[in-house]
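Student: Sequence:
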Amino acid sequence: MVFQNYNRETTIKWYDEHSKNYDNESFVPTDNQYAGDLYRIELVRKLLSEHKPEKVLDVGCGTGEPLIRLIDDGVDIRGFDFSPGMVAKAKEKLKARGISESLVEVGDLLDPNIVETYGAGQYDAVVANGILPYIPERDIPHQHLSALVKPGGLYISAYSNSLFDLFTFNRFTMRFYTENFIKPLGLSDTESREIINQIEKLITNADKPSAIPEGARDTVFVRGDNPFEVGPNLVHYGLKQIDLLFYKFHALPPLLKNTSPQIREIFMRESRAYEIDRARDWRGHFLASTFIIVCRKKA
Numbered sequence: 003m004v005f006q007n008y009n010r011e012t013t014i015k016w017y018d019e020h021s022k023n024y025d026n027e028s029f030v031p032t033d034n035q036y037a038g039d040l041y042r043i044e045l046v047r048k049l050l051s052e053h054k055p056e057k058v059l060d061v062g063c064g065t066g067e068p069l070i071r072l073i074d075d076g077v078d079i080r081g082f083d084f085s086p087g088m089v090a091k092a093k094e095k096l097k098a099r100g101i102s103e104s105l106v107e108v109g110d111l112l113d114p115n116i117v118e119t120y121g122a123g124q125y126d127a128v129v130a131n132g133i134l135p136y137i138p139e140r141d142i143p144h145q146h147l148s149a150l151v152k153p154g155g156l157y158i159s160a161y162s163n164s165l166f167d168l169f170t171f172n173r174f175t176m177r178f179y180t181e182n183f184i185k186p187l188g189l190s191d192t193e194s195r196e197i198i199n200q201i202e203k204l205i206t207n208a209d210k211p212s213a214i215p216e217g218a219r220d221t222v223f224v225r226g227d228n229p230f231e232v233g234p235n236l237v238h239y240g241l242k243q244i245d246l247l248f249y250k251f252h253a254l255p256p257l258l259k260n261t262s263p264q265i266r267e268i269f270m271r272e273s274r275a276y277e278i279d280r281a282r283d284w285r286g287h288f289l290a291s292t293f294i295i296v297c298r299k300k301a
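Sequential numbering of the sequence shown, starting at 3, is according to the working numbering.
Hint data in this document are derived by calculation from the structure and do not stem from the laboratory.
Cβ coordinates follow ideal geometry from the N, Cα and C atoms, glycine included.
Please note that a few of the clues may not be correct.
Unchecked claim - No farther apart than 25 Å at their CA atoms in a straight line, the calculated lysine to any residue pairs in the SDA-like style are these:
| id | residue 1 | residue 2 |
| --- | --- | --- |
| 1 | Lys203 | Pro186 |
| 2 | Lys300 | His238 |
| 3 | Lys242 | Phe288 |
| 4 | Lys242 | Gln124 |
| 5 | Lys57 | Phe288 |
| 6 | Lys54 | Trp16 |
| 7 | Lys242 | Gly123 |
| 8 | Lys48 | Gln124 |
| 9 | Lys54 | Lys203 |
| 10 | Lys57 | Asp18 |
| 11 | Lys57 | Asp110 |
| 12 | Lys242 | Gly132 |
To be verified - Pairwise CB distance ranges (calculated):
| id | residue 1 | residue 2 | range |
| --- | --- | --- | --- |
| 13 | Lys242 | Ile278 | 18 to 26 Å |
| 14 | Ile265 | Asp75 | 31 to 39 Å |
| 15 | Asn9 | Asn182 | 18 to 26 Å |
| 16 | His53 | Glu196 | 47 to 55 Å |
| 17 | Lys203 | Glu139 | 33 to 41 Å |
| 18 | Thr12 | Gln145 | 23 to 31 Å |
| 19 | Asn115 | Asp74 | 50 to 58 Å |
| 20 | Asn182 | Thr32 | 32 to 40 Å |
| 21 | Leu258 | Ser51 | 33 to 41 Å |
| 22 | His238 | His53 | 18 to 26 Å |
| 23 | Asp75 | Ile205 | 17 to 25 Å |
| 24 | Asn26 | Ala275 | 17 to 25 Å |
Given only the sequences and the hints, what does the whole structure look like? Please build it.
Tutor: Here it is, written out as structure tokens:
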């Protein structure tokens, strides 16, 4: 697993700068835009509708779009986010809807006082909608998230799927192979480079690992987690996995998306066909870039 140099300020700045257009980029599907985060919202809405928690905390509430939709569903929810720009946008949207702006605040999950601020064991469900991929460590955030959940309550958190890189056939595939299969061999730099070069030739054209446009993953730290490992690790924090759901599906390798209008149409159609109803499909371990773990906290 590759950890880029984590810079909290860079991450906050990126989200501040994208706060104005974030909703359109993340939640509005078009012919050219997948809007995968929209499916995350719908999965969380479905989960909360099934489990019916009375009091919910949205950790990493962003622009407030999920929070507002859950309020519309009758959920008692509040949230915080470490990006002032995102929180400002959320407050603006709440005000426009006639909802109290105080429901969202600037806050950091890594703050040593965050559990005291929001109350230990005060929530029937804690939802972390995509915050963990942007934090390099797992111990402190998992401690804090678990502490906020009431005994017997729900932990619902999204993670970036590290196994998805095996399916992309681009530079992230090479990164995955290098970190997980080549480095553990303990070879010399020369030997490693030669093997990596040969693997590049086997799985793709030599130039393909860099033949995709840069995005957030190239600018800010993004950590991937293995869906086979997260649940067992959460046991150490008093959390037992009860569900695993995938979203942001890619029915074909991403590099094929723009090879022709026909393939683009097939890519978008078949990828969207996986969302929501097939969120538990085993193929999600490799075709989906993101997953949600649902846990029950020990009573």
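Student: Against this structure, judge whether each hint is valid.
Tutor: Hint by hint, here is what the structure shows:
At most 25 Å may separate the alpha-carbon atoms for a hinted pair to count; Lys203 and Pro186 meet this at roughly 21 Å. Distance hint between Lys300 and His238 is fulfilled; the C-alpha atoms sit about 11 Å from each other, no more than 25 Å. At roughly 23 Å between alpha-carbon atoms, Lys242 and Phe288 fall within 25 Å of each other, so this suggested pair holds. Restraint check for Lys242 and Gln124: satisfied, since their Cα atoms lie roughly 18 Å apart, inside the 25 Å limit.
Distance hint between Lys57 and Phe288 is unfulfilled; the C-alpha atoms sit about 34 Å from each other, more than 25 Å. The hinted pair formed by Lys54 and Trp16 fails the criterion: a straight-line CA distance of about 34 Å is larger than 25 Å. About 16 Å separates the Cα atoms of Lys242 and Gly123, which keeps this hinted pair within 25 Å; it holds. Distance hint between Lys48 and Gln124 is fulfilled; the C-alpha atoms sit about 22 Å from each other, no more than 25 Å.
A threshold of 25 Å between alpha carbons decides the hint, and for Lys54 with Lys203 the separation of about 51 Å lies outside it, so the pair is violated. Using a Cα cut-off of 25 Å, the hinted pair Lys57 and Asp18 is violated, with the two alpha carbons roughly 28 Å apart. At most 25 Å may separate the alpha-carbon atoms for a hinted pair to count; Lys57 and Asp110 meet this at roughly 20 Å. Proximity of Lys242 to Gly132 is assessed by CA-CA distance (about 20 Å); at most 25 Å being required, the pair is judged to hold.
With their beta carbons about 24 Å apart, Lys242 and Ile278 fall inside the hinted range of 18 to 26 Å. Range check, Ile265 to Asp75: about 37 Å between beta-carbon atoms, so the 31 to 39 Å window is met. For the pair Asn9 and Asn182, the supplied restraint of 18 to 26 Å holds, since their beta-carbon distance comes to about 24 Å. One distance hint, 47 to 55 Å for the beta-carbon pair His53 and Glu196, holds here, with the actual separation near 52 Å.
At roughly 36 Å, the beta carbons of Lys203 and Glu139 sit within the given window of 33 to 41 Å. Checked against the given bound of 23 to 31 Å, the beta carbons of Thr12 and Gln145, roughly 25 Å apart, stay inside it. For the pair Asn115 and Asp74, the supplied restraint of 50 to 58 Å is violated, since their beta-carbon distance comes to about 31 Å. Evaluation of the 32 to 40 Å hint for Asn182 and Thr32 yields a pass: the beta carbon distance comes to about 35 Å.
Checking the proposed 33 to 41 Å range against Leu258 and Ser51 shows it holds: the Cβ atoms sit about 35 Å from each other. Distance hint check for His238 and His53: the Cβ-Cβ separation is about 23 Å, which falls inside the suggested range of 18 to 26 Å. Range check, Asp75 to Ile205: Cβ separation about 44 Å, and the 17 to 25 Å hint is violated. Under the hint 17 to 25 Å, the C-beta atoms of Asn26 and Ala275, about 24 Å apart, fit the expected range.
Checked against the numbered hints given earlier, the structure breaks hints 5, 6, 9, 10, 19 and 23 and satisfies all the rest.
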